[in-house]
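So the protein sequences, as listed, match chains B and D. The first sequence begins at 1 in the UniProt record's numbering and counts up one residue at a time. The second sequence begins at 1 in the UniProt record's numbering and counts up one residue at a time.
Hint data in this document are derived by calculation from the structure and do not stem from the laboratory. These figures come from a predicted structure and were not determined experimentally. Hints are supplied without guarantee of correctness; some may be wrong.
Pairs of lysine-lysine, BS3-like flavour, derived with a Cα cap of 30 Å [stated by the list, open to error]: (1) D:LYS535 x B:LYS205; (2) B:LYS321 x D:LYS266; (3) D:LYS221 x D:LYS188; (4) D:LYS197 x D:LYS221; (5) B:LYS321 x D:LYS244; (6) B:LYS321 x D:LYS188; (7) B:LYS205 x D:LYS718; (8) B:LYS313 x D:LYS188.
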Amino acid sequence: MISQVFILSSKGDHLIYKDFRGEAGSDVVGIFYEKVTALTGDQPPVVMSHKDLHFVHVRQGGLYWVATTTADSSPFTIIEFLNRFTALVKDYCGSLSEKSVQMNFALIYELLDEVVDYGYIQTTSSDVLKNFIQTEAVSSRPFSLFDLSNVGLFGAETQQSKVAPSSAATRPIQSSREQGGKSEIFVDVIERMSVVIGTNGVLMKADVEGEIRVKCYMPSCSEMRIGLNEEFSIGKSQLRGYGAAVRVDECSFHQAVRLDEFDSHRILRLCPSQGEQTVMQYQLSDDLPSAPPFRLFPTIERDSGGRLLMYLKLRCDLPPKSAAINVCATIPVPKGSVSLSQELSSPDQSAELKLQNRAVDWKIPRFPGGTQLSALFKLEVPGLSSASMLEVGPVGLSFELPKLTVTGLQIRFLRLSPIQPGPSQRWVRYVTHSDSYTIRI
Amino acid sequence: MAHFDTEYQRLEASYSDSPPGEENLLMHVPEGAKSQWHHIENLDLFFQRVYNLHQKNGFTCMLLGEIFELVQLLFVVGFTVFLANCVDYDILFANKFVNHTDSSKVTLPDAFLPVDVCSARIRDNSFVIFVLIISGVFWLHRLVKFIYNVCCYWEIRSFYINALKMTMSELPYATWQEVQARIVEIQKEHQICIHKKELTELDIYHRILRFKNYMVAMVNKSLLPVRFRPPVLGECVFYTRGLKYNFELIFFWGPGSLFENEWSLKQEYKRGGNRLELADRLASRILWIGIANLLLCPVILVWQILYAFFSYTEVIKREPGSLGARCWSLYGRCYLRHFNELDHELMSRLSKGYKAASKYMNCFLSPLLTVVAKNVAFFAGSLLAVLIALTIYDEDVLAVEHVLSSITLLGVCITVCRSFIPDKHMVFCPEQLLRVILAHIHYMPDHWQGNAHRYETRDQFSQLFQYKAVFILEELISPVVTPIILIFCLRRKSLEIIDFFRNFTVEVVGVGDTCSFAQMDIRQHGHPAWMSEGKTEASIYQQAEDGKTELSLMHFAITNPQWHPPQETTHFISQLKERVHREATGASDTHPLSLSESEPRSLIANLLGGPSTLNSVHFGRDSSLTNHAAAGLSDGASALRSLSPISSSLHLKGSLSAAHRAGHTSAMSKAMASSGTDARTVSSGSSAWEGQLTSLVLSEYASTEMSIHALYMHELHKQQSRGEHSRHTWHRQESDESSDSVPDEVRSEPNPHSRNFPRSHTFPTTVPSPSAIPTSASATSSTMLGQGGASSQSSTQQRYSGPATDSFGAGGKVVRSARVPMGGWAEDGQAAPRRHEPLPEESSEDEMPPHVHKVNAVCVCVMGYVDVACLHCK
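The following block holds chain D by itself, in its conformation from the complex:
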């Protein structure tokens, strides 16, 4: 053997299991340019603070906000106590007379109790003292935290100013992506992280979102006990802030938690050897924390009540409707969150979906309630009318006791009832709405698609999108329920939890221990049903559910175009993008001619055609003049086209230009353009688009692109996973199209829940013929459309010739009522009965070969033109 010059090192006497080569862990920091931010010890906290400061729009804003919060807290507590104890309500209600010598007016100071009486009352009331003490402790805690934060964030502020070269004043106008790019840039000179020469975007995300990624993964793998089946309520999800806090306490940072510090899991949890013992330990820890929760329950309960009172009373007073409003639940946020998605990204995504989601939830009104509400509203209305009439006649009526209050009450009552009475002129189509929602929220269980109109789907969706009031109520009962969940549910899962953390933790150089799902490695965590077939090596245990890995990867790659993913991943992304691109162009390019095309074409056509109706309808509403809408749309389209070279993917451009080439369907192309993009973006007008391409626009574009990818992947997944079933769905959709409204046909479907639909909505279960209205609306301007469509559709011509006259009537009618609400369209009441002719082709349609069914999806888009074409031929 060769002779080596290498010296022997002493192997330190270690009778304990010290980590390998302790001296190697001491990093050598090279001398030289030593800046203040060279080698930051706790990068997790540092990046979190950098992010927070950015999200809170700079140091001054944050400082002011926090100071006001402190003052507000003090004020609310003080004022509540004052109201409760120091006001003589008898004087205020004039039950007791004040002995004033000069005048009979009651002044406000008269109603106040003297200071000594007041303080005595407070001192006597032990509950008030208790509340005061809790609030005091909490306030002090906040104060200490505030002072500490100021010190920390001052440092971050100077980091922004000196290292990132961004002043606080420009911070609110910089996107996080810009800040991040600068951080990546300065790593090269300052070396914030010493383990790596260069930081990637993913590293920063990993550090900021380390624990959140774990939570998302655990929710994804259904590890956390958040779904319950209490005897009466049916399946429900209970996940509150208190519970979340406890989970985090147990797993991440509490004493004896699984993590040693912010960035590394404890050594013993990385080994499989003593998992049982560790699970026992975790179980007992959960038990103790549960017991502590139980003991502290009264305190937390009081605190929760106070907190809810302080934070919501003002809101409720200002706009009482907000209680009826909905919000994305905490569970929903976890379920819908991508891996490596920052708060603001999630928030903007969910906010975009909010409108559609609340519209979707509003589709479901119980007919029973409607009947009751109508009648209650009638009685209350008549009473109110009488009272108001009397008041108008002589306003002394108001002075009668309780007349004013009863007027107010009746008004509230009517308002409430009205909310249960559906608008006569509104038509919803749940399937389309759900698709619009999906474009924003990106995740959805498989069985929702095609079942959007069912009550189960609605109930499950309401788990993600709950009433604000329910949210507050859950928060209030959380102190009682949390210990029960901890002790009885979470404790049983301790072994699984230990296994989860061991199996799904990887150490990444320069980041530390992180959740392996967050690496977004298709090979390790891909799901074969989600496009990663053949690429994934994951066992079922390792697969992320709902295509989380794939969608997260796409999302991250799209939001961070600078990021260089590993090779296989790049391959996956480019392949997917290429596919979407190809099918987008292919579908729009060829669909008028190629009805016999195979299924992938239909995918993109379907999903582009799907939401398009909604948005184009929306535009129809926005600008009552159709040509105005068309102008806005083409602006949007051209803007998107001009943008697309900047972005890495070109598919939109492709689809757009192809659509333009198609020419004869200008309205179609516009509908396509608006389909992906957010309505707000396009309707924001041309000025924003023609101006400089700010990063804001880019991010908007990125979200659009992500929406398309999400829809595409869901669509593909649907086709992959349920071949036979999907055909059925297609069929129904298709038949709805062709008939425009065939309630009989719908009733014949094996769908016991269809009767849950309010009949007053004219065609609740039918999918509306997409673009029938917008095309027909714009058809007046584009006469070309008719011939092109008609000639190309020779094969289907015969089929649609039947309802042609019908749709002529419908089309013409809708042109007249140009004011169309989003997610549905207005319609004259008498239109419905006229269209109840069943289609003679329906039976023969069923006998068609299967591929025709798929192809029919393409027809969905085309359908409108055919109708219009026929009408023009006539």
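Chain B with its partners taken away, still in its complex shape:
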């Protein structure tokens, strides 16, 4: 039983506020914000209480999504509801941000009206809701040259026909034809890596968590079949024989997925509803099928002028045709570092000293596989002692590896039945990104 639902921006602005039962006043919004900001640390507790009122919140898209309740309802139900609600808002508005929520407040109120009635949750299924929601989302798409390239001269094949920007999937599911409401399906294969590499270059921990997400813009679609690699195997028992190619330790599926063809042909069957769903989640621990993507060769010493010299060689062990993008290496530096002078190998890289984090951020926008970059950082540290040398801690890397999955999982095909009449568009995106990638020095 939900008493109120409200959405706050990160600065505490009231974006959405809806009271279902009138059990508490609207001042609770301010109380909540005070409670959240009063706490130090990055993650305030999900459930907080004030007098007899309980706040349950999730944070998504930089916003606080809060539900309050007075009764003893299950907190997990409310958390799940909030998650589903954010997913709904994301589906309907295209993306989750302060701006999109502000622009689509009418739509969100309409959604809330349908989803919750007098504090009782009705439905969160987009299939049911699409019959009731009439308001169209207002999307704020920035003008980009990319859209222009869409226009093929004399029907010529343009770049557009091969790739779509990542923003293509962030559009509302219900939109008029003029807004380019094509029937499209986007499949995301996203893997997160947590890797720890020891001082001697030995892989100490390597976990991969991955998921397959489907975002469907099909108005009517009875069944979809997604074919994964045939060599996909689960668990260690199936390692033998042909196809040790793609292996995961375990995986779980969305409840709507039917697995009758999975064992023999590795095909997932599902009837997607509009919007985004996580079809499958899998994980692989302590075993990377390939070499870890980055290796670091650091040399740290003190020069005669009392400065700290860090000479870093970073090697990217990806296959030569792929590249890592948005690579950022965070190197913790000793306390009291004052300034930084750097020598980087190319001008598009940048490095800066973040004083409040006591770290140097080395940013590499694009890092092709099979190459090696080096950087020389000279840190001005007054009173540098050998003890403070030890403060140069483990290097954390964040990166994005486009068009690559570490496990090697691929979408073999995606079939719709009945076959769609028009030119239905199917898109796939493979991304591996770092959850935490730590290289000890």
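Knowing the structure of chain B, use the given hints to seat chain D on it.
Below, chain D without anything else, positioned relative to chain B:
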């Protein structure tokens, strides 16, 4: 969720099961140094050709050889036809007289028919036409192949010259290992294989031997129907070239075969889903190929006959004995082959084993035949003697019709009979011979050991090592039998075959689909009874039989020391090497003192001591002066020692130096040294050893090392697998030792087949006391030996004091007859009856605690010294 910059790719509309991400399979070849050999498409063929060119000693040799083969074929066909149709034999046999005006001499051209008559005869004879057409088609086929090959190998030649920087003239003197090392080297600059940055030796082997590995694995897992049980003949193996060709046609390259191209299995065979359907399809394909074989049977038969005729007549004419000679059968080659073993490696291994193997087979002569042969030889000999005597008296006897031919026939008859009569002075000991064979062939069913003297073992061994004549005969009947096997035997196995290919195919990056056994992964295919206990996770289905995985791994690691195996594998290899090393040193170091040592010591002692006798005896023969032999041996020993640091394993060095330290048994150390190493190597003298360490020497050394490992693993396996039984064997061996010859004791063994042995061989079933002869022979030079041995053997002294006098006699005798044949020793006829005293200790020996039995194996080596020691004390 975080925001990604990654773009979406279009998922191509595919309503067929296209392989995942077709665009990903297109490899991006980086720009830059583009050489001619950058990115070779069919590396399998390429490496095979590189290997072939190396094996055929360069381009010119190959070219010449092939041209001559073509010419020879043409000549043989033409000449046969000419002989059959264009010669008037009546004139040649002088049944018909030629009307010559001037002289009565018959000239050769007289016997030729005129051209028109000749061609008419050929035209009339449809069989000859048929044969001619077949040969013509075959010849054309060969010609086309030849021209194609020349083009291909020209490219390989330029690869050798330009990329590998080896001229054709130096190719015959380069080992394959060198060529391979260069290929691995140039991969870095040319990138022959684009899937990988660096090639390993294993990759190259995998590519060259892809299909052979499958065949070896299938024979190993008894998947191929090659063993049959026809009603009369008993169990026999039928595996001919024709059958092999058909198997390969069905599995690997024929139309509709399991393989898509040289390097990848067809997609549908990799899935388990429709295995039944695929099996049906395979079965029907086998049926059709069988039927095609049946239909083509007459053609193939004629071809086989012609082929056999062409290839063997010349040989048989030159040396008729070659038919009686033996050769390793095709099945044997498959059975004995390691995974990832190239042809030349296998050949050299088998050739080294040839001598011992044929000696072993010669041990078994049927006594019945001997009796018959003796008498036939007697009668034929007397007739021949009379004829020869008459001829000597007056050579006009030769002019009498058929006298010359009957002399020839009788001579042949006697030769044949003689081969059935065993040499009086030869003594064989099958067990030792079999061990020497094992040192080279590396594989052997478990039940052979200890049963070497039995007829079953011999029969089974003859499946691997058959008569050449049988081989040719099998080839001849193969066209008839092959379709039957295909249709009735292979077809039933189609489901198993499908399963086999699915389960045992792995895709290796840069190699393609390959047989997973060939990966030599102990974890996946190890056999717990073969030292990989605890390391293997394989189910029974996945285990390779006969320790194939383990032995192959050792073999590959030893022949390719540069190869870096995966970690677990390295662990296994080093562990094994370390163990062999330790036990080698341990056994030689301590055995004079530690008779109560536990069993592993005995292993190495036994196997080092075992064959040593043979080789040392062999040396005794080689150089009638014992000290000369000793010199040669110590050369060999020191050479081996100097080599050992180069090789990765040090165990030989250990064993040698330890043996040297033992000092008082110099002969012993020499025997040890010669035990592992090939006789040829050591006897080749010091010059080869003291010269530069060529890779040839290294490979020789590697084969020696492999032999030791193979023996060791077999020995360990034997002990592991049959604890109780082995003790029995030990016991017998041991008792034979102690008694030197106790035929009564042997007869008391539960061995119904022992009487199959020719009694004329003095002690056929006994294992000879190893090193009794060589030690006693060299004992004259080393007097130290006596005291050392005697003092150390106080525990066994009492036991052996009994036969001591006896062995004194034996020893002294043998010193006199220094000419000793390999694999046995010569002996005076009267020696046998003198030694028939049974040992009083025999009964008490049986009551000894079990461990003593094992320990007694150590005694085997020591025994000789004890004998000699006692004799010196006296």
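Can you give the numbers of the hints that this structure goes against, from lowest to highest?
-> 3, 4, 5 and 7
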